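Enquirer: Each chain is listed here by its residues.
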Amino acid sequence: MTGRPSRLLLAMALTVASTGGCSSDDEQLTVFAASSLADVLPDLAGAHRQAGGPDVVEVLGGSNHLAAQLRDGAPADAFVTADAALLAGLTTVGPPIPVASNYMVVAVPADNPGGVTGPPDLTRDDLRLAVCAAGVPCGDATTARFGDLPADTEEPSVRAVLSRLVLGEADLGVVYATDLAAKVKVIAPWTQESVCPCVVYAVVALSDRGVGFVEFLASPAAQAILADHGFSTP
Amino acid sequence: MTAPRTVLAAAGLAVAFLALPVVGLLQRAPWTGLGSLLDRPAVADALMLSLLVSVVAAAVILVLGTPLAWVLARVDIPGRRLVRALVVLPMVLPPVVGGTALLFALGRRGLVGQWLDAWFGLTLPFTTAGAVVAATFVALPFYVVAVEGALRSGDDHLEQMAGTLGARPLTVLRRITLPRLLPAMGAGLALAWARALGEFGATITFAGNLPGRTQTLPLATFLALETDPEAALALSLVMLAVSLAVLVPLRDRWLPSR
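These protein sequence lines are chains Z and B, in that order.
Here the working numbering runs 86 ahead of the position in the first sequence, where the first position is 1.
Here the working numbering runs 102 ahead of the position in the second sequence, where the first position is 1.
Hints are computed from structural coordinates only; laboratory data are not their basis.
Among the hints, a few may not be true.
[Unchecked claim] Derived, one-sided and incomplete: chain Z residues facing chain B with beta-carbon distance under 10 angstroms:
| no. | residue |
| --- | --- |
| 1 | H151 |
| 2 | A154 |
| 3 | R214 |
Nothing here was measured: the structure is a model prediction, and the numbers come from that model.
Just so you know, even glycine gets a beta-carbon here, dropped at the ideal spot from N, CA and C.
In isolation and in its complexed conformation, chain Z is listed as follows (with noise of 0.2 angstroms):
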């Protein structure tokens, strides 16, 4: 009675032993990308596999947050970060390529419910603003272009700051000028021109089957993906 169940406990132990390590696929591409990057990413991966390359599965998120993951050891190919600074202390396969610009915009809700006209608006009291966290790059961005603003929620992703505008709990808020190329459900409330401080994306290969894709990210017809989407050259 006291052999077999300690002999069980030692098969399901091997067996999380041998499974629980990195899985990645031959067959696929794992590709850490920038939250900002949701909307052009499966573009890009498309066109990757067009060009004979291999299937890219996406892991988006804040590139802090990604970058975190990545100093943790978390098994990816390549890494498209908003921010080149956050490269320190990766181990990476070449340098880090920058392959797009972005900057920052305020974004309403499409009914535009604050009535916001004009950058005034965006220190008002009776609005609800939302933003990204500082130390987020488009938080950081944030702060570079507007300065300090009285937000009322800041967001760990652009993502989030998004979906605050589309479900209506926010009244306005700051995201990239390719969200805002890319959704139907926000407006901007008045012309904004491309002024930087501007986020320049990098992209980097963290294994040797990830320098491919960086490749890709620099070539011709991903740079007209990336253009379609709203991206500035770098």
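Starting from the known structure of chain Z, fit chain B onto it as the hints suggest.
Expert: This is chain B only, laid out in the frame that chain Z set:
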């Protein structure tokens, strides 16, 4: 009694499994710089806010959860099984889903939330009250389940006897049921409070994140993890210390140790 070796081994494995992450946290903690990390106003803000939110949530849970547990255990209401399933739902629902559901119900354009906004000018998202709502939503079932379980497992012959001797139902509840229920209420409340203190997903989804208003310790820890891992470790230690400081004395007092 002596336990079979295999049972002891499995129990030991479970303890090791639970203790290992705590040990991992402690050995990575920035002990030397801890003072300066914890001295930041943001840490004190998050700690005070967490205590406020979890204590208010616990009070709401006590007031609303006790009658609910009693009704579920003692009153033959129609659809009791359905109500009971609803009550435990937040325990199995991912908190982020719970937070989203709260948005659709109590958010500014939610089912009920739009009327709260129109009639009273009251909006819950991005407010401390919203953080309390999120914490209450996820923690209430822990209290109800504990208290209902105690009510159902204890026999009710004393109550019936008091009834036959002419005591009114409310008197029976106050003089007999509640005093015998106190240990289970304390244990359930401690569990629910601890769950409210650690609440993350529903809070960040429903209430948002703003230091001093909705940024509780778990939210501060999550955001610090992305930018300042050392500060995140320090914040985790604060969470651990506060939880232990409250749960260990409670365990002696309310959770029967023998």
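Enquirer: Which of the listed hints are not met by the structure?
Expert: Failing hints: none at all.
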